[in-house]
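Undergrad: The chain contents come next:
Number of protein chains: 4
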Amino acid sequence: MFEPDQLPHILPEYYTRARDMMSLQNRAYFLAGAGDEATLLANETAFSCARIIPRPLRETGGGSTQISLLGQSHATPFMVAPFAYHRLLDPLGETATARGAQAQSIKTVVSAQSSVDLAQIRSAAASCDWFQLYWMGSRERTLELAEIALAAGYTVLVLTIDAPVQGVRDREIEAGFQLPPDVRAVNLSAFPATRFTPLIEGQSFVFDHIAHVLPNWRDVDWLMQSVAAPVLLKGILHPDDAARAASVGAAGVIVSNHGGRVLDRAPATLEMLLEVIKRVGSEYPVLMDGGIRRGVDIFIALALGAKAVLIGRPVVCGLCVAGELGVSHVLRLLRDELEIAMLLSGCASINDIHADMVHLKL
Amino acid sequence: MFEPDQLPHILPEYYTRARDMMSLQNRAYFLAGAGDEATLLANETAFSCARIIPRPLRETGGGSTQISLLGQSHATPFMVAPFAYHRLLDPLGETATARGAQAQSIKTVVSAQSSVDLAQIRSAAASCDWFQLYWMGSRERTLELAEIALAAGYTVLVLTIDAPVQGVRDREIEAGFQLPPDVRAVNLSAFPATRFTPLIEGQSFVFDHIAHVLPNWRDVDWLMQSVAAPVLLKGILHPDDAARAASVGAAGVIVSNHGGRVLDRAPATLEMLLEVIKRVGSEYPVLMDGGIRRGVDIFIALALGAKAVLIGRPVVCGLCVAGELGVSHVLRLLRDELEIAMLLSGCASINDIHADMVHLKL
Amino acid sequence: MFEPDQLPHILPEYYTRARDMMSLQNRAYFLAGAGDEATLLANETAFSCARIIPRPLRETGGGSTQISLLGQSHATPFMVAPFAYHRLLDPLGETATARGAQAQSIKTVVSAQSSVDLAQIRSAAASCDWFQLYWMGSRERTLELAEIALAAGYTVLVLTIDAPVQGVRDREIEAGFQLPPDVRAVNLSAFPATRFTPLIEGQSFVFDHIAHVLPNWRDVDWLMQSVAAPVLLKGILHPDDAARAASVGAAGVIVSNHGGRVLDRAPATLEMLLEVIKRVGSEYPVLMDGGIRRGVDIFIALALGAKAVLIGRPVVCGLCVAGELGVSHVLRLLRDELEIAMLLSGCASINDIHADMVHLKL
Amino acid sequence: MFEPDQLPHILPEYYTRARDMMSLQNRAYFLAGAGDEATLLANETAFSCARIIPRPLRETGGGSTQISLLGQSHATPFMVAPFAYHRLLDPLGETATARGAQAQSIKTVVSAQSSVDLAQIRSAAASCDWFQLYWMGSRERTLELAEIALAAGYTVLVLTIDAPVQGVRDREIEAGFQLPPDVRAVNLSAFPATRFTPLIEGQSFVFDHIAHVLPNWRDVDWLMQSVAAPVLLKGILHPDDAARAASVGAAGVIVSNHGGRVLDRAPATLEMLLEVIKRVGSEYPVLMDGGIRRGVDIFIALALGAKAVLIGRPVVCGLCVAGELGVSHVLRLLRDELEIAMLLSGCASINDIHADMVHLKL
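Those protein sequences? They're chains A, B, C and D, same order as listed. If you're matching positions, the first sequence starts at 1 in UniProt numbering and goes up one per residue. If you're matching positions, the second sequence starts at 1 in UniProt numbering and goes up one per residue. If you're matching positions, the third sequence starts at 1 in UniProt numbering and goes up one per residue. If you're matching positions, the fourth sequence starts at 1 in UniProt numbering and goes up one per residue.
Be a bit skeptical, because a hint or two may be false.
Note: identical chains are not told apart, hence a pair may lie in one copy or across any two.
[Stated by the list, open to error] Pairs of lysine to aspartate or glutamate residues, derived as DMTMM-like cross-links and limited to a Cα-Cα distance of at most 20 Å, are as follows:
1) K361 - D36
2) K278 - D356
3) K361 - E44
4) K361 - E275
5) K278 - D240
It should be emphasised that the hints constitute simulated quantities derived from the structure, not laboratory data.
Only chain A is shown next, with the shape it has when bound in the complex:
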């Protein structure tokens, strides 16, 4: 196992060391973006364009990063984002991740495509009670997966809607990425693959196969009514879609472009966060992910209206570099940086973080 003094001391070293340690295939899968990676870069660049105005001499004694979200108390305004196949990086896979987060009292959103059984993860980490769903090709199958998750003790569901196809994952194609035999989406094994009738001349795989097994807004509406738990929609970018999510009963939305891994040229999430908040107001729970690499990025997202953020690649890098301990350390470093940013800007609580503390020129 890792000794603490072998760990990186700073966040960027986790990122560079993970990049070096990963195989070409894993690097393409976990770190690369779709297409020319314009959206991946845009996510990060948007944060780097923001400026935080420090406010010294304000009282912050006894402050905290705690938030309340959907009736739950969270120690920090950030969670671990759902990311598939953690066993590619660590033999304990999602169990290691969830435990590392738990050690910091931070919640994990477990991916439907986790490489460890969802119930096993749930029981390994008490605070890990959010589960991410993909549409399973039909209402019944999707509901079935949801109910398996709820039965295992998950209490909040996140339906990811922005990755109905793989996207143009050129970096994975180049690297020849494929799952090794011992890593699978174990939660989905019981669900047989969709069988399509062969395409005829002039038909398209995208429009004549894939498109027929995708959900529409009525399906989502139905799911909201059918599941006995709050459901957030993840992968919203357009303000109108955020408003519609609210109207069909979504417990919240997560502004996301799937980490730039699906539609290259999609806008930066930080940019769309602003437009979404403008549309749905500041009361409705809007979360976001994409491009967060530093504690100040979390501060910025919160200032611009996010109720919480999800952390993907930094956690993946922590897992790669040092397993459970690495996950825990990366999350701790993010929290330390966030606390320092709060102190320097005179914010004793997350609610004190306001839009006028951040200048964003995009």
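With chain A's structure known, arrange chains B, C and D on it following the hints.
TA: This is chains B, C and D only, laid out in the frame that chain A set:
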């Protein structure tokens, strides 16, 4: 011949491999731009500044990329752009290109300067029925060439007006580009070169020779009336010129700067597309080319008002890398990427692609 | 000792030579910024975006760079910024710095964390009569330090408020920076370190230890009333804080982000200078530091409203390269460059430098 | 001597070859800029931000680049800019330059600091009848130099006012630039150097020596009245100074920042050209120099209101690479490029080049 598994798997690899495979001379001719290549770069950069807002959960089942243009049905909203001298890259030249496009039900605009006889190309590929004209120095000669093309079965003509001179092709001059003996503009062999009287002291080759054999708007007007086929004007950038093209009876315009190969410092075509559409409205057929390297670029051009786009360098790269098969594969990849972009933005048909789906900050 | 002809002849060579001469640790401490160094870079970039419009043919004979500030006469509108631990770079430490500045009739703001006794520095350089304070954890201790400084002959105090914590100093952590045994903040030795009660589960070092020993506005107000000398607040960025500083009796403010060494993503000081001046008007003494590398930068800051500027890293580089002589030479070069900029823009005095002489596009 | 086929074929090759051929000292003197070369770069960047909208199908037969300026006819709207010490690059110095320009019917503005006698240059090249003056420290001496030039046959004078001091020429200092014994400002040999009284404590070389021998607006006014020839002021950037130049009787102004060689951070000349034209209107003769490297740059400057432009570094590069022939060839290439730009934008004469043909986003 090429085995499919030797082909590049992704579009950028076609571009880099072609660049490596081409001779210095061919690279200068096919891939370089005029002057300092500012316009070549601007064409591409304009697209990379555009952002597509995904719209999940909209129904796209049974969708298609089909369009109707000038009364014809096209399987895709993109065609192969006219580009001279394909035999520099493949012994079968434009025949290979046209067949490769035909295999994807995609139309080719055959160049007047093709290195294979226009009739031969026409008969090799059923869907290849657009022909590009240059002004031949006089009305009569231009009409003669047009009539040869129509007699060979071409049904739509494209008059290129933006390359009356070579431009400042420094990269070709540096590379010492010249046609090898076995590659010629075979369609033009029957037309003797224009003979100029010698220049006298103080006269200029540009103003006193070249300028006298160029067409003006009245010539174009005359041609429109004289040819028994729809004629589009290619090489329009100024909105006033687009309006004038419509007024003299052009069947449409193609916003183009000749791929940045004539006037370096001409604006990006995507930028001028917006202004042209503003001027002539959304009904008049406005096409464009220049800078398209990805399926998302096609989506962007269509969203901003183009009825269709022309694909030049990507096809040239496909031809260079793998002949007919390479052309076909490049076009297939572009189509796949376009379909994915449509699915992700919830567009079941080309008509569903609207301006509000794209943010463009230039 | 250095012979004059071994000295760099131009300012940038001081910067590059110092970078090369410093140990990795010192480079991280003196030259690096916090986090990803975005704010460090932003400070410099803001100046490089400014343009000075020359005004030839105006009379400047007999002109000078002299200013009057807080009732004192200064030979130049710039001073040496407070920077800790000069003995890391030169055995004579702050004495060398203050003497080098004195040789140019330029004032030094001595750091509370100087590695030479404050009284010793004061007596070594007649013009060196500004002293910088940190908050010492309580009103009494802070006042005690102030009174020690005043007793030693300092006449103006600068309370630095923007570095209540270390910030995310990744570059120092990477380099393993720590003070060698023979370099200490000698002025603070008499003040015992604050003792904290151990943190309990769920408490945070930042909010439950550090935050409790930081000053607030009431503390600053109290200090202003209690000290028999003018006190400036250093580390103001927000216009409201500048206004509040004025209202509690601060003799002036220094717009600063601690050279980008505390909160990475804080805005460039030049940018905030504009907003601060807009808020407090042009009469109130507003100084600034951060990003000044050239004489034209000084001109720009003055044109945009600063009454004077502080010079940090350039002086540090001078000290590193050639000790006292290097400090003196760097300051002389800055003054020469400033005089040339004044001559070229037709300004015979600092009061002639107006905002309309500078275009700033940020 | 050079054979034509040894010459570069394209403009950029003149620039790169000259850079390689020059000694470090000459490169610093002729090609570098002051300070950090921000203004040098800004001059070029401003042009590269401009876009020319082509206008095909307009009649340009019999067109020409001829202009009328101050009652003279010029074959082209560009002249050779005054640049000192051509004998550093070619043994025939300014004679070679003037003859090379003459071969293209292009005028040279001879520098007061030419390394060949002004009368000798004048007699070597019939069209070379503009002479550039520096202020000689007093009215009488300046007038004396002007009258020497007029007596030698020069008919237009250009008083350079933007280089009263050397500027911060760090690149020259680094390179140790100094004139070799056989290269001098021969026209100025008869004028003894100004003797200054020694500076006393607290005085400044800039304000107490240099500033006392510089001209002011009254001096310039006096010169205008005293010289029997039109005088242009070179080195104007501020619109108010352009207006004042007109009011004191200057025959025109040349918007210039001395090629970025004096005040680094001065704005790009193209940017200030726009403001100057806005102020003095389109009738008053406004010329410009700085940053022109291509024929399209000339087109852009003319479109934005310049009546003519001066070409400095490109000519210097031509002289360095191939002496008189190189100068001639560089000017010919610029003219060819300008003619092509005119043809492509449908301009048969310089008067046809209008502001609406150029988009400039700075």
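Undergrad: All hints are to be evaluated individually against the structure, with a verdict given for each.
TA: So, going through the hints one by one against the coordinates:
| no. | hint | result |
| --- | --- | --- |
| 1 | K361 - D36 | between (24 Å within a copy, 18 Å between copies) |
| 2 | K278 - D356 | both (15 Å within a copy, 17 Å between copies) |
| 3 | K361 - E44 | both (14 Å within a copy, 18 Å between copies) |
| 4 | K361 - E275 | both (14 Å within a copy, 16 Å between copies) |
| 5 | K278 - D240 | within (11 Å within a copy, 26 Å between copies) |
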